[in-house]
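Chemist: Quick note, the sequences are listed as chains L and D, same order. Per my numbering, the first sequence starts with residue 347, numbered consecutively. Per my numbering, the second sequence starts with residue 31, numbered consecutively.
A hint or two may mislead.
[What the hints assert, rightly or not] To give an idea of the interface, some chain D residues facing chain L are shown, with a C-beta separation under 7 Å as derived from the structure:
1. Tyr40
2. Leu43
3. Glu45
4. Gly46
5. Gln47
6. Pro68
7. Gly135
8. Lys136
[Claimed, not checked] Under the rule of at most 27 Å between Cα atoms (straight-line distance), these lysine-lysine pairs were calculated in the DSSO-like manner:
9. L:Lys397 <-> L:Lys416
10. D:Lys113 <-> L:Lys452
11. D:Lys136 <-> L:Lys397
12. D:Lys136 <-> L:Lys452
It is worth saying that the hints were derived from the structure and are not from the lab. Just so it is clear, CB atoms sit at the ideal spot from N, CA and C, and this is done for glycine as well.
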Amino acid sequence: GDSVTQTEGQVTVSESKSLIINCTYSATSIGYPNLFWYVRYPGEGLQLLLKVITAGQKGSSRGFEATYNKEATSFHLQKASVQESDSAVYYCALSNTGYQNFYFGKGTSLTVIP
Amino acid sequence: EAGVTQSPRYAVLQEGQAVSFWCDPISGHDTLYWYQQPRDQGPQLLVYFRDEAVIDNSQLPSDRFSAVRPKGTNSTLKIQSAKQGDTATYLCASSFQGDTEVFFGKGTRLTVV
Chain L
347 GDSVTQTEGQ
357 VTVSESKSLI
367 INCTYSATSI
377 GYPNLFWYVR
387 YPGEGLQLLL
397 KVITAGQKGS
407 SRGFEATYNK
417 EATSFHLQKA
427 SVQESDSAVY
437 YCALSNTGYQ
447 NFYFGKGTSL
457 TVIP
Chain D
31 EAGVTQSPRY
41 AVLQEGQAVS
51 FWCDPISGHD
61 TLYWYQQPRD
71 QGPQLLVYFR
81 DEAVIDNSQL
91 PSDRFSAVRP
101 KGTNSTLKIQ
111 SAKQGDTATY
121 LCASSFQGDT
131 EVFFGKGTRL
141 TVV
C-alpha cells in the first residue's frame, strides 16, 4: 500500500547544530506521488513547511530543505543550523496528483535546546 | 484571512455517548477533509467532500460515524455511541480544488473513558 516511514519519537538537538529527519515512502498505487513536510508548532494547527511534486527537485523553506529522491524513495528533511523556534512536531506526507488524500508518517517531535 | 476553525477544542465522553464536531473551512475552499489522528500516529483520512458531495468516505466507520456538508461550506462530523478506541484528535482541513496546499484546523481532542 501507500505509506510513509519517518524517524520516530523524539529528537533533541542543540541550538546551531545540524538536523536530519529521515523519511522514506512507499507509493504502490500512486505512480508519481507529491511529497510534503508538514509541521505543528505548540498550540498551532498543522501547516505546510515545504512540498516537492517533481522527482529530483529540492524544496526549501525557513532554512529547511528536502530532496525528492525517487530511486531511494526518500524525502529526508535537513537543516544546517537549528534554532529553538524550530521545536515542533514534523510530519512527512505523500499524496496523489489530485491531492485527494494524504498519507502521513507518525511524526517526529523535535526539541532544540539552547 | 481566517484559517480553518474547529469546535470544540476538547471533548471528554463516556463510552456510548454521542458527540459532534464542527468545522468552518477557509472561505472559498471547495474541498473539505476530516482526519483522525490517534496519539503518536499521523493523521488518517476519514472522509472528504467537494462542495456538498462526499467524494470518499471509505475509511469512515459508517456504523457509528457520519459526516455532512449540506451547503458546501461548514461541516459536521458526528460519532454515535463513542468507544474508547475513538480517542484521538479530529482534524478538519480545506483546500481549493487543484491547489497543492491543504490548510488544517487546530483539531478537536476527543477522550472517551
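Chemist: Confirm or reject each hint.
Modeler: The hints, checked one at a time:
| no. | hint | result |
| --- | --- | --- |
| 1 | Tyr40 | violated, 13 Å |
| 2 | Leu43 | violated, 23 Å |
| 3 | Glu45 | violated, 26 Å |
| 4 | Gly46 | violated, 30 Å |
| 5 | Gln47 | violated, 26 Å |
| 6 | Pro68 | violated, 10 Å |
| 7 | Gly135 | holds, 5 Å |
| 8 | Lys136 | holds, 4 Å |
| 9 | L:Lys397 <-> L:Lys416 | holds, 14 Å |
| 10 | D:Lys113 <-> L:Lys452 | holds, 22 Å |
| 11 | D:Lys136 <-> L:Lys397 | holds, 21 Å |
| 12 | D:Lys136 <-> L:Lys452 | holds, 17 Å |
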